[in-house]
Amino acid sequence: MTEVAGASELSKEALLEAYRTMRTIREFEERLHVEFATGEIPGFVHLYAGEEAIAAGVCAHLNEDDYVASTHRGHGHAIAKGCDVKAMMKEIYGKADGLCHGKGGSMHIADLDKGMLGANGIVGGGPPLICGVGLSSKVRGTRQVGVSFTGDGGSNQGTTLESMNLAAVWELPVVFVIENNGYAEATSTNFSCKGLDIAKRADAFGIPGVVVDGHDFFAVYEVAGEAIRRGREGGGPSLIECKVNRYYGHFEGDAQTYRAENEVENLREEKDCLKLFADRVTSAGLVDKEELEKIDEQVKTLIDEAIEEAKAAPAPKENDLLTDVYVSY
Amino acid sequence: MARRITYMQAINEALAQEMERDPTVVVFGEDNAGGAGAPGEDDAWGGVMGLTKGLYHKYPGRVLDTPISESAFIGAAAGAASSGLRPVAELMFVDFFGVCMDQIYNQAAKFRYMFGGKARTPMVIRTMYGAGIRAASQHSQSLYPIFTHIPGLKVVVPSNPYDAKGLLIASIRDDDPVIFFENKVLYNVEGEVPEEPYVVPLGEAEYVREGDDVTIVAIGRMVSMAEQAAEHLADEGIECEIVDPRTTSPLDEETIFESVENTGRLVVVDEANPRCSLATDIVARIAQNGFDELKAAPKMVTAPHTPPPFSPTLEDLYVPDPERIAAAVRETIGSGVAR
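Residue numbers (this note's numbering), protein chains in the order written: chain A, 1 to 329; chain B, 1001 to 1339.
No wet-lab data here; the hints were simulated from the structure. Among the clues, some could well be false.
[Stated by the list, open to error] Result set (DSS-like, lysine-lysine): computed pairs, CA atoms no more than 27 Å apart in a straight line: (1) A:Lys271 <-> A:Lys289; (2) A:Lys12 <-> A:Lys194; (3) A:Lys294 <-> A:Lys271; (4) A:Lys271 <-> A:Lys114; (5) B:Lys1295 <-> A:Lys311; (6) A:Lys311 <-> A:Lys12; (7) A:Lys86 <-> B:Lys1053; (8) A:Lys317 <-> A:Lys86; (9) B:Lys1118 <-> A:Lys317; (10) A:Lys294 <-> A:Lys12; (11) A:Lys271 <-> A:Lys300; (12) B:Lys1053 <-> A:Lys114.
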């Protein structure tokens, strides 16, 4: 049996659960890519495919009452945090019994009961919110932890930098996860971050910062575990930069002419977090290939049903326009 | 005789009483303790005006200083409100909201609606507004109309110490985000304020003065300006009815309408600039819904469409005063048709 770094504390059930989470995200996103092209899905959709190991590796350490603040590319975080997949799909289709009753859509998927503080249409919108979660945990003494996911684009927002400083100053139980997928929309991090490690910025705030391979579930799991434990035990905030890639464009419909030829094909061949995970756990004899294939089948059925039910679900009613906000005029 | 305290003391008392009642109420902002990390007193300031003075030692761990990072700490208020606290953040001057507006109008204001009704965002942002202390263009604006425009926010503009205390308590207990506008000129104004906690409900206007000739709608510091004008006009035989909406959102349109039904004449006094303001809003709503009640065209008395000036001579011209209000009332009396 080969040693798998970071996997020693994971039970077989936990390994299968991690795989199921990643596979669910992948299948969800791959199907959205296909369905979006039919024109039936309204609005903007940003896909997380390729980055699954981050959401799964981080959220595996979180309890239901811990919080995550997400980004416009938020489906993966929502799934990993336990949001109902079928309700999410209905939300993306703008249906009445969607997770947010059709009022949020892809960019605002949230479920506070699951600790999902929302995808966010504003780049850099999440880090200040997660500081509030950390403050709430600290004042109430609940040992809850907050994690904000931010892209490389969001890493250059003042909100993100202000929040790292505030979290350090207030010694908050939060983790800033930067998902550096190489592109802020169409602009490369070679340009917008001078190609430098974003994690190094942690030094300036006096907090720990590490770089990790975001395609490697086990590597993410290990560093996230350390950062989350540190936060929970009163050790203050951390910064984790995950170097990763996305398989699709900034949004669905992006022709991606800024990318190299065969870039995505090569990534799918060499950096697929699901393949890497499967190879490692099967070659180490931790999980049988058949067990993973069974999950693949179950997930496919789940997503088939989610799409089918979302398409058939009723739209919101006229009255719904004026609910969930006070209206005095 | 009932106890008299200042507008500022009334706000401090509301904070203290709510912190006493509810351990999830926390207070933070720049220098709200005022001395964090410094070698001297750790609560030297109690806010830039001393308003939060005394709370830091009384409620340990619940009064926090912040870096000068409004995006981070206003966003933190929204995040804290979403996860179990009732934060009261202080954003010193309303003029500074530009650096953190996203956290207010895209985040806090929208959570409940965007998330399908599942979010509560019980947060208050206290801020100073208004001209009158020679603080110049970037510390003197009356920007409550901007926030009134935004669905999901509640906007409170108290005109006296009694309302300041009751409205702040109501704001802290409210489950929607509230922007609480404190007029810096009113801070040292005294009034009768009960010692026990009480609530002045959001969205209920008050009749400040009754009269049958003209309705004056005024808010914040403009209420006392309108009262002075009404005194002069009473000597001339003109009886003004003054309505203080107290909150611009929700707006108690019914009370304003009821008064205009009685008087048939309307003057709105607003310290904000004249376009897309509280004045234009109220006049438009009365024009649309109460046109048949009007005996004359409504009048608006506002600041001019300029930034607040620095020079005392100019600033005194900028802020609506009793003379301008009285002139507008006389104009509306002297014009119009019999109905």
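*asked:* So if I understand the rule, the pair passes when the alpha-carbon distance is 27 Å or less; does Lys271 of chain A with Lys300 of chain A pass?
replied: holds (22 Å)
*Hey, Lys86 of chain A versus Lys1053 of chain B, does the alpha-carbon distance stay inside 27 Å?*
violated (51 Å)
*Hint consistency between Lys271 of chain A and Lys114 of chain A [alpha-carbon to alpha-carbon, up to 27 Å]*: At roughly 30 Å apart (the allowed maximum being 27 Å), Lys114 of chain A and Lys271 of chain A break the hint.
*Verify the proposed pairing of Lys271 of chain A with Lys289 of chain A, using a straight-line Cα cut of 27 Å.*
holds (19 Å)
*Taking only the CA atoms, is the gap from Lys1118 of chain B to Lys317 of chain A under or equal to 27 Å?*
Given pair Lys1118 of chain B, Lys317 of chain A holds - Cα atoms ~18 Å apart, limit 27 Å.
*asked:* Run the distance test for Lys294 of chain A versus Lys12 of chain A: straight-line Cα separation, threshold 27 Å.
replied: With Cα atoms ~15 Å apart, Lys294 of chain A and Lys12 of chain A stay inside 27 Å; holds.
*27 Å limit on alpha-carbon distance, applied to hinted pair Lys1295 of chain B and Lys311 of chain A*: Judged against 27 Å, a Cα distance of about 57 Å means the pair is violated.
*Are Lys1053 of chain B and Lys114 of chain A close enough, with their CA atoms no more than 27 Å apart?*
violated (38 Å)
_Hint check: Lys294 of chain A vs Lys271 of chain A, CA-CA at most 27 Å. Holds or violated?_
Distance of about 23 Å is within 27 Å: holds.
*Taking only the CA atoms, is the gap from Lys12 of chain A to Lys194 of chain A under or equal to 27 Å?*
This hinted pair is violated, its Cα atoms lying about 41 Å apart.
*Hint consistency between Lys317 of chain A and Lys86 of chain A [alpha-carbon to alpha-carbon, up to 27 Å]*: holds (20 Å)
*Verify the proposed pairing of Lys311 of chain A with Lys12 of chain A, using a straight-line Cα cut of 27 Å.*
It is violated: about 36 Å lies between the C-alpha atoms, which goes past 27 Å.
When each numbered hint is compared with the structure, violations occur for hints 2, 4, 5, 6, 7, 12.
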